[in-house]
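A.B. asks: Take a look at the letters that make up each chain.
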Amino acid sequence: GSENNRGSVRGSSELVAYKSVNDLPPPREMKIQIDQKHEAILLPIYGNMVPFHVSTIKTVSSQADPSRNCYIRILFNVPGTPFNPHDANTLKNQGAIYLKEVSFRSKDPRHISEIVQQIKTLRKNVNARESERAERAT
Amino acid sequence: MADGHLFNNISLGGRGGTNPGQLRVHSGGIVWKKQGGGKSVDVDKSDIVSLTWMKVPRSNQLGVRVKDGLNYKFTGFRDQDVASLTTFFQNTCGITPEEKQLSVSGKNFGEVDLNGNMLTFSVGGKQAFEVSLADVAQTHLQAKNDVLLEFHVDDTTGANEKDSLMEISFHIPNSNTQFVGDENHP
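Protein chains in written order, with my numbering: chain F, 1 to 138; chain E, 1 to 186.
Hints should not be assumed to be uniformly reliable.
Stated by the list, open to error - With the Cβ distance kept under 10 Å, some of the chain E side facing chain F (calculated, not the full set): (1) ASN91; (2) LEU102; (3) PHE109; (4) ASN176.
What the hints assert, rightly or not - If you anchor each label on the Cβ, the simulated ranges turn out as follows: (5) ARG73(F) x HIS152(E): 15 to 23 Å; (6) SER61(F) x HIS152(E): 21 to 29 Å; (7) THR138(F) x PRO20(E): 26 to 34 Å.
For the record, the hints were derived by calculation from the structure and aren't laboratory data. We put the CB at the ideal spot given by N, CA and C, even for glycine.
Let's have the full structure, built from the sequences with the hints guiding it.
C.D. replies: Okay, here's the thing in structure tokens:
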């Protein structure tokens, strides 16, 4: 998916996943989780669930290898690429370092394909809402 | 033992996830034993460089940085444990734990900080995540502005965990001046 990158980048500074630590879902097993309500994806990194707002995500893909391992790759929006020109937002964050990509291995292909599907749907919904909001504002 | 505090249900966080266990803080240091035996961590108080507290969902996390650069993270402390342990560490080790905050905004841009073996990614001064460079198998410079960290495939720990981190990459725009001229970092 590559639709409407501009919109999602613009959104990334405004959209906040959680306001407080207590809003995060209680930790369960260390698997990638989606929090629909907070439009967040939670990634297990070093024993902590690390949230990312879905608007920071550019693409998500998965693949499997012959030994039934499944890989999920998540690409985040970064500035300076053809579809993500520097805008007011990235200029404001000048000097910042961006998390660009993470990949995880899983033993559960069904879980991974569910996650990929959920992220895509959530992204679509959030993007649709945000561009609608932008249109109404003009 | 009379001196010290014992905590059940304290998990040690690491590359593969978390392992539940038991933590004992005593006048000589910190001992953590994995539930059901196996791995244990024994930190002598003279090896502790710094201590941190961080609020995590439903719990508190104690970070113990030791001399060789490792940073152990123990999760499962209640709010009242934080207060009593802080006093205990001040009295026995002369170290006041520093308070750190967890970033929960969900943003993917921030600062990278290298300290000992740990790479910390923080957003707006709050920590988003930390990884241990000791687990990094390879680093690549991709294109001009991207750094990729490849992690060791770890099949030993966290057998109960299903999703494990394989790779992580950072985009460092030209406007960043922190790592200019140093291709090995972060």
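A.B. asks: For every hint, state whether the structure bears it out.
C.D. replies: Each hint tested on the structure:
1. A cut of 10 Å between beta carbons decides the hint on ASN91(E): the least distance to chain F is about 28 Å, and the hint is violated.
2. Satisfaction of the interface hint for LEU102(E) is found here, the shortest Cβ-Cβ separation to chain F being roughly 6 Å, below the 10 Å cut-off.
3. The interface hint given for PHE109(E) is met, as the beta carbon of that residue sits about 4 Å from the closest beta carbon of chain F, less than 10 Å.
4. A hinted interface residue such as ASN176(E) counts as satisfied when its beta carbon comes closer than 10 Å to some beta carbon of chain F; here the least separation is about 5 Å, so the hint holds.
5. Separated by about 18 Å at the C-beta atoms, ARG73(F) and HIS152(E) satisfy the suggested range of 15 to 23 Å.
6. Take SER61(F) and HIS152(E): their Cβ atoms lie about 23 Å apart, and the range 21 to 29 Å holds.
7. Between THR138(F) and PRO20(E), the C-beta spacing of about 54 Å breaks the proposed range 26 to 34 Å.
The structure fails hints 1, 7 (numbered hints given earlier, in ascending order).
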